[in-house]
Structure formats: C-alpha cells, structure tokens
Amino acid sequence: MTCEIPLSGFTRPLARLIDQFERLPGIGPRTAQRLALHLLRQPEEQIHSFADALLAARSQVGQCQSCFHLSAEPLCEICRNQERHTGILCVVADSRDLLALERTREYKGQYHVLGGLISPMDGVGPELLHIQPLVNRVDRDQISEVILALTPSVEGDTTSLYLARLLKPFTQVSRIAYGLPVGSELEYADEVTLARALEGRRPME
Amino acid sequence: MIGSNGEGKSNLLEAVELLGSLRSHRCSSDRDLIQQGQATALVRGLCGGGPGGRGEAGVGAGASQGDALELELRRQGGRQARRNGKLLERQLDLVGPLRCVGFSALDLELVRGEPALRRQWLDRVVLQLEPVYAELLSRYGRLLRQRAQLLRRGLGGAHLADLLDAFDQQMALIGTRLHRRRRRALLRLEPLAAAWQRHLSGGNEQLLLHYQPGTVLEGEEAEAPWREALAWQLRQQRDSELRLGQCGVGPHRDEIQLQLGGQPARRYGSAGQQRSLVLALKLAELELIRQLWGEPPLLLLDDVLAELDPTRQQLLLEAVGQGEGYQCLVSATHLGSFSDDWSKTSQVIRVEKGLIGA
Numbered sequence: 001m002t003c004e005i006p007l008s009g010f011t012r013p014l015a016r017l018i019d020q021f022e023r024l025p026g027i028g029p030r031t032a033q034r035l036a037l038h039l040l041r042q043p044e045e046q047i048h049s050f051a052d053a054l055l056a057a058r059s060q061v062g063q064c065q066s067c068f069h070l071s072a073e074p075l076c077e078i079c080r081n082q083e084r085h086t087g088i089l090c091v092v093a094d095s096r097d098l099l100a101l102e103r104t105r106e107y108k109g110q111y112h113v114l115g116g117l118i119s120p121m122d123g124v125g126p127e128l129l130h131i132q133p134l135v136n137r138v139d140r141d142q143i144s145e146v147i148l149a150l151t152p153s154v155e156g157d158t159t160s161l162y163l164a165r166l167l168k169p170f171t172q173v174s175r176i177a178y179g180l181p182v183g184s185e186l187e188y189a190d191e192v193t194l195a196r197a198l199e200g201r202r203p204m205e
Numbered sequence: 001m002i003g004s005n006g007e008g009k010s011n012l013l014e015a016v017e018l019l020g021s022l023r024s025h026r027c028s029s030d031r032d033l034i035q036q037g038q039a040t041a042l043v044r045g046l047c048g049g050g051p052g053g054r055g056e057a058g059v060g061a062g063a064s065q066g067d068a069l070e071l072e073l074r075r076q077g078g079r080q081a082r083r084n085g086k087l088l089e090r091q092l093d094l095v096g097p098l099r100c101v102g103f104s105a106l107d108l109e110l111v112r113g114e115p116a117l118r119r120q121w122l123d124r125v126v127l128q129l130e131p132v133y134a135e136l137l138s139r140y141g142r143l144l145r146q147r148a149q150l151l152r153r154g155l156g157g158a159h160l161a162d163l164l165d166a167f168d169q170q171m172a173l174i175g176t177r178l179h180r181r182r183r184r185a186l187l188r189l190e191p192l193a194a195a196w197q198r199h200l201s202g203g204n205e206q207l208l209l210h211y212q213p214g215t216v217l218e219g220e221e222a223e224a225p226w227r228e229a230l231a232w233q234l235r236q237q238r239d240s241e242l243r244l245g246q247c248g249v250g251p252h253r254d255e256i257q258l259q260l261g262g263q264p265a266r267r268y269g270s271a272g273q274q275r276s277l278v279l280a281l282k283l284a285e286l287e288l289i290r291q292l293w294g295e296p297p298l299l300l301l302d303d304v305l306a307e308l309d310p311t312r313q314q315l316l317l318e319a320v321g322q323g324e325g326y327q328c329l330v331s332a333t334h335l336g337s338f339s340d341d342w343s344k345t346s347q348v349i350r351v352e353k354g355l356i357g358a
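These protein sequence lines map, in sequence, to chains U and L. 1 is the number of the first residue of the first sequence in this note's numbering; add one for each residue after it. 1 is the number of the first residue of the second sequence in this note's numbering; add one for each residue after it.
Derived by calculation from the structure, the hints in this document are not laboratory data. Do not rely on the hints blindly, as some may be mistaken.
A short list of chain L residues far from chain U (calculated; beta carbon distances all over 10 Å) [to be verified]:
| no. | residue |
| --- | --- |
| 1 | Trp121 |
| 2 | Val132 |
| 3 | Arg152 |
| 4 | Asp165 |
| 5 | Ala166 |
| 6 | Phe167 |
| 7 | Arg184 |
| 8 | Arg266 |
| 9 | Tyr326 |
| 10 | Leu329 |
Ranges of calculated distance between the beta carbons of each label pair, as one might list FRET restraints [to be verified]:
| no. | chain 1 | residue 1 | chain 2 | residue 2 | range |
| --- | --- | --- | --- | --- | --- |
| 11 | L | Arg75 | U | Asp139 | 44 to 54 Å |
| 12 | U | Asp94 | L | Trp232 | 35 to 45 Å |
| 13 | U | Thr11 | L | Arg75 | 49 to 59 Å |
Heads up, the beta-carbon is just placed ideally off N, CA and C, and yes, glycines get one too.
Make the full structure from the sequences, and use the hints.
What follows is the structure, given as structure tokens:
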C-alpha cells in the first residue's frame with residue numbers, strides 16, 4: 001500500500017500523513033496529497049477536534065447488542081425507537097445497506113446486520129456471521145416476517161437460501177425483488193437485469 | 001500474413017479477436033495482454049461496410065459504414081471501449097460490427113483432447129447466440145469454486161447439510177439452464193456440421209454431435225423436471241462428494257461426443273478424419289453466426305492452414321469462398337505450404353518485428 005508518487009519531495013511528517021490518507025478506501029495518491037495539504041492550512045483547534053472525533057468514534061462506537069448495527073449505546077436508535085414495528089425484521093449484510101434502506105423512509109420495522117455474506121473462498125462460514133443471534137431473536141421476539149435484503153450475487157443468494165432454510169420453521173421469509181431501476185429506459189437495461197426482471201414478473205393487479 | 005516465428009503475427013490476430021469478441025483465446029487476464037512495463041494497451045480497428053462495401057483500409061463484416069472501434073486495456077481501472085470516438089458505457093456494446101471466428105492450432109485438439117475443450121468451444125458458440133449465457137457461466141463457475149472451498153476448509157460446521165442444500169438449489173437452477181442452452185445450440189449446429197462433414201469427406205461420413213450431459217436427464221427439455229432431476233442427483237452424490245471433494249454431477253461434467261458413422265471419433269477416427277471434423281465444426285460455427293446476424297463473420301486462421309493437407313486447404317478455400325464469401329486473416333511462416341489457389345487470391349502482408357510491411 002505504498003504511494004506511487006514518490007514522497008521524497010515532502011518533509012517526513014507530511015509524508016506520513018499522506019501515507020495514512022492513502023490507506024483509506026477510495027483515496028488515491030493525489031487526493032491523499034490534497035487532503036493532507038488542506039489539513040495543514042486549518043487552525044489547530046480544528047485539527048484537534050478532527051483527531052478527537054477519530055479517536056472517540058473508534059473507542060465509543062460498537063455494535064448494537066440486538067441488531068449489530070453500529071451504535072455507541074448498548075441498543076441502537078432503531079432498536080430503541082418505540083414507534084417502529086417489532087414484528088418485522090429486515091436482514092442486511094452490513095450497516096451501509098441498512099443506511100441505504102433507511103434513506104427510503106419507507107421501512108418501519110427492525111433490522112438485523114449479518115456482518116458479511118457466506119463466502120467459503122474468503123474463509124467466511126456461517127459461524128463468522130451474526131446468524132445464530134438472528135435465529136434466537138426470531139424465535140424469542142415472535143417475529144412474523146423476515147425480509148432478506150442481500151445483494152443478488154452468488155454469495156448473497158447462498159446466504160439468503162441458507163437463512164430461509166433456518167428461519168422457515170419459525171416465521172414467514174421473503175426476499176426483496178430484483179428488477180429494473182425506476183426511471184431507467186427499458187431499452188438501455190443490460191441483459192442480465194432484464195432477464196432477472198422477466199423471471200421475477202408479477203401478475204397485474 | 002507471412003513472417004517468422006515471434007514477429008507478431010498471432011499478436012495481430014489476437015488484437016482483432018479482442019476487438020471483435022472482447023476476449024482472447026490465449027489468456028484470460030488483461031495484464032497478460034499489456035506490454036510489460038506499460039500501463040495501458042490500445043487496440044484500434046476500422047471496419048469497412050458490409051458485403052460489397054468493404055473499404056480498402058478496413059477489415060471486417062460490419063453492417064454500418066466505416067466503424068472505428070477502440071478498446072483500451074489498463075493495468076488499473078479496467079477497460080474503456082470507444083466506438084467512433086464515443087466512450088461506451090458498457091464494453092459489450094462494442095461487439096457487433098466485427099464478429100469473428102478464430103481457428104488456431106489449439107483447436108486441432110478439439111476432437112482428441114479433453115472434454116473441457118469441447119465445452120469451451122460450445123460455450124463460445126452459445127455466447128454468440130445468447131448474451132445472458134455469460135452471466136450464467138460465470139455464476140456457475142463461482143458456485144463450483146465456493147462449494148469446493150466449503151468442503152476443503154470444513155466451514156459448514158453443524159449446518160453443513162443446510163449450506164450444501166443452499167448450493168444445490170442454485171446449482172440445480174443454473175445448471176439446468178446451462179444444460180438446456182448447450183443442448184439447444186448443439187441442435188442448431190449439428191445439421192450444419194454434418195453437412196460440412198459430408199462435403200469434406202466426399203459424401204460418405206455421417207457426423208453426429210451427441211450431447212452427454214453431466215446429469216442424467218430424461219425426456220424433453222422442460223426446465224422444471226430437469227431441475228428436479230439435477231437437484232435429486234446432487235443430493236445423491238453428496239456422500240461421494242464429501243469423500244472425493246469433487247461435485248460429481250452438473251454441466252461441468254458435460255461431454256459432447258463427436259460420432260462418425262456411429263463411432264466416437266475421439267477413439268476411432270483417423271488423424272485425417274479428425275482434422276476434417278474440426279474443420280467441419282469451425283465451418284458450422286461460422287455459418288451459424290452468419291445465419292444469426294445476417295453477415296459473414298471474419299475468419300481468423302492462426303498458423304493452422306499449413307497443418308492441413310492440400311486437399312483440405314482447397315476444401316476450406318472453397319467453403320469460405322461460397323456465396324458472398326468470408327473475409328479471412330491467415331497467418332503462416334512461409335507461403336510454400338499453401339496451394340496456388342490460396343496464394344493467388346490473397347493479399348500477402350509481411351509482418352516483421354511487430355510491424356506490417358508491404
């Protein structure tokens with residue numbers, strides 16, 4: 001993970017800072033440089049609060065004991081919210097997916113974050129994911145429906161099918177639909193998406 | 001294209017193949033296609049119009065007049081495809097103006113070699129027929145790899161059976177689709193290949209392309225019963241799979257048996273018969289693509305013509321010259337091994353040190 005642009009032109013502490021930025025996902029050498037130089041121009045208090053925020057986030061943010069979403073409290077905001085339905089559970093791979101679903105403002109149930117997908121190639125079997133707590137939760141909390149919202153990849157489908165097998169004795173299990181993105185033109189959709197949409201067709205009501 | 005070994009003839013043909021089909025028969029990674037020490041590689045080609053409208057500078061069988069195709073490979077950041085200077089959102093949209101069929105010395109193994117070679121050949125044909133097939137193939141491959149790793153690493157624990165069930169369910173569905181599409185493509189290829197085999201053998205050899213699926217499949221090819229059959233057989237072989245670490249049923253065990261006069265050509269065919277057979281398969285592929293797209297594809301013959309005897313060279317020449325004819329790019333080390341008719345009707349280009357001479 002070293003920089004492609006030689007850091008020789010930079011004084012040592014600055015080179016270190018650039019190197020740290022470059023380790024972040026989605027940040028290339030140029031952006032790393034820009035961010036580092038930008039920080040140098042900020043007042044010292046600003047830098048302190050930035051560093052504090054980093055450390056505080058790292059030390060305080062853990063996982064919700066119930067749904068495993070990122071949370072500083074033992075129970076996350078969603079699990080604490082009395083106005084949400086407690087009978088419906090939406091299963092996602094990680095917190096980013098949860099946030100994406102939250103942005104729709106359409107879903108009022110609870111979540112369960114698995115912490116990944118089953119992928120033997122990467123050494124990830126079911127025990128490494130929060131699957132057992134999910135089964136316990138469904139059994140204990142009298143969940144009436146579990147919605148599986150996992151990516152339609154081989155790993156996502158494997159995880160969905162596996163979960164469906166485990167959960168069906170306890171509750172109703174459904175899966176989010178795959179199809180055309182709203183607002184896109186049919187003729188520009190790729191063949192795979194179109195084929196999936198055809199396969200998942202529904203009778204007109 | 002004439003040139004000594006290592007001067008760049010195959011490289012040029014590979015570039016055409018890449019521009020036409022987005023893949024190379026030689027390697028699967030773009031890194032192997034980019035010159036060492038360089039960050040990018042660029043293939044640029046100008047396709048003339050369709051039959052009758054071929055420009056002097058262009059090659060190919062495109063429908064539109066003078067399409068400029070461009071494919072840029074990068075060590076980092078993937079590919080970029082441009083058509084007439086316009087960046088394409090999907091590289092797949094580059095396919096069309098330059099359809100081609102390759103024929104290299106590797107293909108001579110098609111009859112004698114391992115079943116995997118025949119599956120790859122058939123898969124290339126199906127990909128031309130049905131673009132979604134690429135997704136099915138890659139999904140199935142990934143399922144197989146994940147399943148093998150699951151057993152090898154012992155990750156299932158107490159729930160191994162449930163996990164294998166999840167794999168079975170997906171493999172039964174996707175496997176059935178691969179079986180059906182392969183069988184369908186073979187049914188379309190068979191009459192064409194059989195006709196060429198009769199032609200190449202002077203009318204007395206009966207060719208059959210016999211599909212032997214890696215799953216026992218009875219009856220007609222309706223999806224549901226085939227899927228159930230595959231699912232059932234996947235369950236049945238589980239014990240032996242756990243012992244051997246290898247999944248024993250499914251399309252990855254398919255064989256396409258090539259029969260001449262009712263006998264498997266792999267075992268009983270003479271060397272000459274086997275060569276004719278490969279030729280017949282290639283010509284059938286060529287013709288199927290022409291039927292499908294209404295345009296003759298470009299034929300790429302990489303160092304293979306010299307391996308055919310003069311009679312078969314002559315038959316190939318006649319075959320590709322029929323009707324409106326196919327444009328061929330042929331590479332060889334010297335002209336001597338070609339029949340006079342080939343040399344006379346061809347434009348000869350010399351390739352030296354990666355450059356095209358007069």
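Exercise for the section: State the violated hints by number, sorted upward, taking the hints as numbered earlier in the document. Expected result: The structure breaks hints 2, 3, 4, 5, 6, 13; every other hint is satisfied.
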